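Asks: Sequence:
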Amino acid sequence: MNVIGVHGREIGQVTERAQFAVVPLGSVEYHGPHSPLGTDTILADGFAERIDASLHPLIYPTVPYSACPGKTQHYPGTISIRPSIFIDYLTDVVEGICRFGIRNIVLLNAHDANMGPSRTVAEAVTGSYPDASFLLINWWQMATVDFTQRLGLFQGMAGRGHGGPYEMSAVKAFRPEMVIVQESDLELDSCPPLSPLPYVLVEGTPQGWDGYTGRIRQCSLEAGQSIVEEASRNMNLLIKEWLDMRTGNNGEAK
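With numbering that gives the first Met the number 0, letter number 140 in the sequence shown gets 139, and the count goes up by one each step, no holes.
Read the hints as simulated data drawn from the structure, not as lab findings. Model, not experiment: these values are computed from the prediction. Just so it is clear, CB atoms sit at the ideal spot from N, CA and C, and this is done for glycine as well. Check the hints yourself; a few may be wrong.
Cβ-Cβ distance ranges computed for the label pairs, FRET-style [as the list claims (entries may be wrong)]:
#1 R216 - P191: 18 to 24 Å
#2 I10 - L236: 29 to 35 Å
#3 Q181 - E94: 43 to 49 Å
#4 Q140 - D51: 15 to 21 Å
#5 D243 - G100: 16 to 22 Å
#6 Q148 - Q72: 47 to 53 Å
#7 R8 - D188: 20 to 26 Å
#8 G100 - D188: 46 to 52 Å
#9 R98 - S53: 23 to 29 Å
#10 P129 - Q224: 24 to 30 Å
#11 H55 - Q140: 37 to 43 Å
#12 Y88 - E176: 29 to 35 Å
#13 E94 - E240: 21 to 27 Å
#14 Y128 - G247: 17 to 23 Å
Use the sequences and the hints to build the structure in full.
Replies: In structure tokens form, the structure reads like this:
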């Protein structure tokens, strides 16, 4: 159910029925000449719609504006909100949901720069609402890193990267007309991993970068459909496990 369509007289019924709220998080950000500025918003919307209705989600409107990294801020079309403003804004949104009577909240993210602020908000709000639980889902992490390689979706790479084949193939699965690669568009290879261990590297101008990265001619609808199907399946399994944990498998809130 989408909260936009809820009438005032239905609020009690809706909050009683909904098992959790979903706040999709997008951005307005340059993703290369081949990609829409609303890439992350399209993905956040699309995956929100793929949440299993039998889990009884209450879906809120996608937040379209957010903080953007330095490496995309100066590219045309990017709108970057100061991180402190975004944190305050998102805090007000989720506290409003808590006051509405819902304590289980999924932050469904499609923009990597939302990860830090989302965690900050979740940690802070659980201080005010100790019975609240936040599940932070980054859609691209709902398929394993080697998933595309096992299926042979992309040649010579996993396809990951901002505006790259992995992300933009997923956009094609939702909006096939929105990704347009031309012969003049550069193909770029990002730098190889520094370590097999997790790490965070922040650079203003990374290697293999022009507001996007990747061998973009390998974007395809078929790859996108496989990625979206796998990510959606794992996303719903994760949400179900979380809800089962929250209710103790007996339908009663912990």
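Asks: Now tell me if each hint is right for this structure.
Replies: Okay, the hints, checked on the actual structure:
{"no.": "1", "hint": "R216 - P191: 18 to 24 Å", "result": "20 Å, holds"}
{"no.": "2", "hint": "I10 - L236: 29 to 35 Å", "result": "30 Å, holds"}
{"no.": "3", "hint": "Q181 - E94: 43 to 49 Å", "result": "45 Å, holds"}
{"no.": "4", "hint": "Q140 - D51: 15 to 21 Å", "result": "19 Å, holds"}
{"no.": "5", "hint": "D243 - G100: 16 to 22 Å", "result": "21 Å, holds"}
{"no.": "6", "hint": "Q148 - Q72: 47 to 53 Å", "result": "32 Å, violated"}
{"no.": "7", "hint": "R8 - D188: 20 to 26 Å", "result": "57 Å, violated"}
{"no.": "8", "hint": "G100 - D188: 46 to 52 Å", "result": "50 Å, holds"}
{"no.": "9", "hint": "R98 - S53: 23 to 29 Å", "result": "27 Å, holds"}
{"no.": "10", "hint": "P129 - Q224: 24 to 30 Å", "result": "42 Å, violated"}
{"no.": "11", "hint": "H55 - Q140: 37 to 43 Å", "result": "24 Å, violated"}
{"no.": "12", "hint": "Y88 - E176: 29 to 35 Å", "result": "31 Å, holds"}
{"no.": "13", "hint": "E94 - E240: 21 to 27 Å", "result": "26 Å, holds"}
{"no.": "14", "hint": "Y128 - G247: 17 to 23 Å", "result": "19 Å, holds"}
Figure legend: structure checked against the earlier numbered hints; hints not met, in rising order: 6, 7, 10, 11.
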